[in-house]
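Residue numbers (the working numbering), protein chains in the order written: chain S, 78 to 332; chain Z, 1281 to 1859.
Don't read these hints as lab results, they were simulated from the structure. Wrong hints could be hidden among the right ones.
Here are the computed lysine-lysine pairs in the DSS-like style, where the Cα-Cα straight-line distance is at most 25 Å [stated by the list, open to error]:
id, chain 1, residue 1, chain 2, residue 2
1, Z, Lys1828, S, Lys99
2, S, Lys184, S, Lys99
3, Z, Lys1433, S, Lys243
4, Z, Lys1775, Z, Lys1755
5, Z, Lys1488, Z, Lys1559
6, Z, Lys1576, Z, Lys1559
7, Z, Lys1828, Z, Lys1858
8, Z, Lys1858, S, Lys99
9, Z, Lys1848, Z, Lys1858
10, Z, Lys1433, S, Lys294
11, S, Lys324, S, Lys243
12, S, Lys294, S, Lys324
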Amino acid sequence: MATDVGDVLETSEQRRAGATGKISLTLRIRRYNPEVRGEESWWDEFTIQADPNDRLLDALHQVKWYHDGTLALRRSCAHGICGSDAVMVNGRNRLACKVLVREIAPKVTVEPIRGLPVLKDLIVDMEPFFAGYRSVLPYLINDEGEPDGERLQSPEERHRYDDTTKCILCACCTTSCPIFWGDEGYVGPAAIVQAHRFIFDSRDRGARERLQILADKTGVFRCRTTFNCTDACPRGIEVTRAIQEVKREILFDRF
Amino acid sequence: MTTFHTYDAVIVGAGGAGLRAAIEAADAVRTAVISKLYPTRSHTGTAQGGVCAALGNVEEDYPEWHAFDTVKGGDYLVDQPEALLMCEEAIDAIYELEHWGLPFNRTPDGRIDQRRFGGHTRNHGEAPVKRACYAADRTGHMILQTLYQQCVKRDVRFFNEFYVLDQLMSDDGRCAGVVAYELATGELHVFRAKAVLYATGGSGRMFKVTSNAHTLTGDGQAILYRRGIPMQDMEFFQFHPTGVYKMGILLSEAVRGEGGILLNAEGERFMERYAPTVKDLAPRDMVSRAIYQEIKEGRGAGPNKDAVWLDVRHLPREVIEEKLPDVTEFARVYLGVEPTRELVPIQPTAHYAMGGIPTDADGRVVTGPEATPVPGLYAAGECACVSVHGANRLGTNSLLDIVVFGRRGGRHLAGFCREADLPPLPERPEGSVRDMLDAMLARERGANAADIRTDLQEHMFDLAFVVRTDEGLRKMQEILGGLRERYDEVVVQDKGSRYNTELMEAVELGFLLDNAEPLVAAALARTESRGAHWRDDYPQRDDANWLKHSLAYRQPDGSVRLEYKPVKLGIYEPAERKY
């Protein structure tokens, strides 16, 4: 059995046609290292040759491995799942491994995500972010005893909270939120997304407790619906919508 | 400065195996989890397709059928009692994850849905069976999140961004603790403990094209190898057939489980020739070799004729969007290809180490042909070798391995800690780590770690990948010798103590070399083809001489000594592997 692949092959190859030649990319990177220069941050520029289909992360590696070994960044999986390499790219929060060189050449500005203390170069202190995460009781609560097999859940019930299970805790949303920048107490979008994932799970019995936490002054009503979070989410989660749904649960006093 | 801590148990690594062990141990004894990453960054999160258990929710199925497939898929190098145990405990392990909130996809009647996966069959090979439980194509992500959530609930003590760099042993050969480097400060920490469980994951970064994260550098394996623990079955490394062309990013086998097919440049569904019964759902080693053969015979696709196509154009839109959303997005983002209309270029990618730290079914590290336990030392997950994957792991069995053996290891370790006393620390316990780091930091001129790593990855990809030969492996051994010499002169630019990731990358490169050396030595010695280890010069499986596990020991001069131990059979008679 043979499938005709002629036309498809042609278009697929056309897409990759640009991949042969390397192009020039200038990276303007905000640096910070109190061991070297005290509390002042500074800018460094590096120009490298890169494959247009390389990731920004590959370009940052090239800088680190061949130009300046002191450049500090976090990364692991390099394909948008582990959530390590959230940075601000031309003013927008992105994962460095999900931005391709061809989208940003010839010049790009890379900075640490905003609203968390910078520790060195692109590395920020994630502890306040994870403290917000932990505050919403991010685990299934159900004391009704476990059946021998699985708890039943219909595909519709499962679908209800599908979107918010995609969250990888990268902090792109939370650190793009102007309220979070200005108000250290605000739990931020990611923590609400995590709460949403359980509040709308038919197996969970902890909604009341979580909604009480999020009705507090550090909770959902800080949100001013600017949609930055939704724009920033590399997983395509409708973050603002999730926050609105949690607000609605509180307002209709369902708990 | 060195900081000292005392715990009953230390768990190294916070992926699926480490977290599952932590849940077990932290409820029982004073436990610290040390991880070089924030736990949710661990590579378990990137597993996509599913986790198998014979729940029988969709089709008739039994753990024994699952065990048979695991043994056959592993080309009979699997320890059969352990495989059966894993497949029997799978059912409970899956229900446990569900009870902890894992959002499995559901059948219309609300039970856990199941789908097909490579090498998983009904009744000993009759036809593919729906056995893989899944959460869209982010099953690993959901397992990692769920286990981490349970750790948060239990307030487990984590030391994040701490790199464990050495294993401490007492004079009488017991585990005494570990030495770790704190990335934020550059300080060393000595963790005194009765027991240590390694769950440090894989080592795929020794290959140029890999699905593995940058951080998968075989740390736990190397640390123990340097301390005289053998590495088992290192020659068996899985090359997953469907990696994103050139980048190696995994495109789940679930794509083929849902009906995706492979095509060569002529548009032929070539797997029909190699595995007439299960076709595209043959085990990964067979599919990768078939791709290699198609390319070798000139039917490779793409501008360089070194890829084949993955075709999902015929799948219903809702299957692509609902069941394979991430995989679809990878093709769009990284290849600029629209899989609903276009073909996706793929090539085999280094994916999974079947070999590693030898353990028994309770996670205890064992050495020698008699499998003698080392008191207090444990391992689980990809860094370990039970061996339930033999010469070739079946898809989904890695996620199963981490939950089943993470739990068993954690449980046994907790019991051990309740009985054992705390061994004395050796004198200047952090000494060898301190000396290694100081030497690297002091060196002003020398070799660039990135250059050495690139050479390692390219040569391993050329000479120790899907197809191997005596000549190629000997050449690789020589190359490794040269790389080792250059590594002894490795230099770092960053002399600081704050987030010195350059220094840690250099250390990790040393770990990679420690994984590559026993791999190549064991591959060179094994003059047969079995599972993922294919020797072009010895294309037959040779049960008379090679139905045995390899154990590679590091000699004081750095060379590798090999010995062997028997495979545990007794349930299934080794037979020719046909699909």
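Status of the hints after comparison with the structure:
Restraint check for Lys1828 of chain Z and Lys99 of chain S: the C-alpha separation of about 48 Å exceeds 25 Å, so the hint is violated. Between Lys184 of chain S and Lys99 of chain S the CA atoms are separated by roughly 14 Å; this keeps the pair inside 25 Å, and the hint holds. For a cut-off of 25 Å, the pair hint linking Lys1433 of chain Z to Lys243 of chain S stands: about 20 Å separates their Cα positions. Proposed proximity of Lys1775 of chain Z and Lys1755 of chain Z is contradicted: the alpha carbons are some 35 Å apart, above 25 Å.
Between the alpha carbons of Lys1488 of chain Z and Lys1559 of chain Z the distance comes to roughly 28 Å, so the proposed pair goes past 25 Å and is violated. Simply put, Lys1576 of chain Z and Lys1559 of chain Z have alpha-carbon atoms about 20 Å apart, close enough for the 25 Å limit, and the pair holds. Restraint check for Lys1828 of chain Z and Lys1858 of chain Z: satisfied, since their Cα atoms lie roughly 21 Å apart, inside the 25 Å limit. Of the supplied pair hints, the one linking Lys1858 of chain Z and Lys99 of chain S is violated, its CA atoms being roughly 45 Å apart against a limit of 25 Å.
With a C-alpha separation of about 22 Å, the suggested pairing of Lys1848 of chain Z with Lys1858 of chain Z holds against the 25 Å cut-off. For the hint linking Lys1433 of chain Z to Lys294 of chain S, the alpha-carbon distance of about 24 Å falls within 25 Å, and the restraint holds. The straight-line distance between the Cα atoms of Lys324 of chain S and Lys243 of chain S is roughly 20 Å, inside the 25 Å bound, and the hint therefore holds. Of the pairs offered as hints, the one joining Lys294 of chain S and Lys324 of chain S holds, with about 13 Å between alpha carbons and a cut-off of 25 Å not exceeded.
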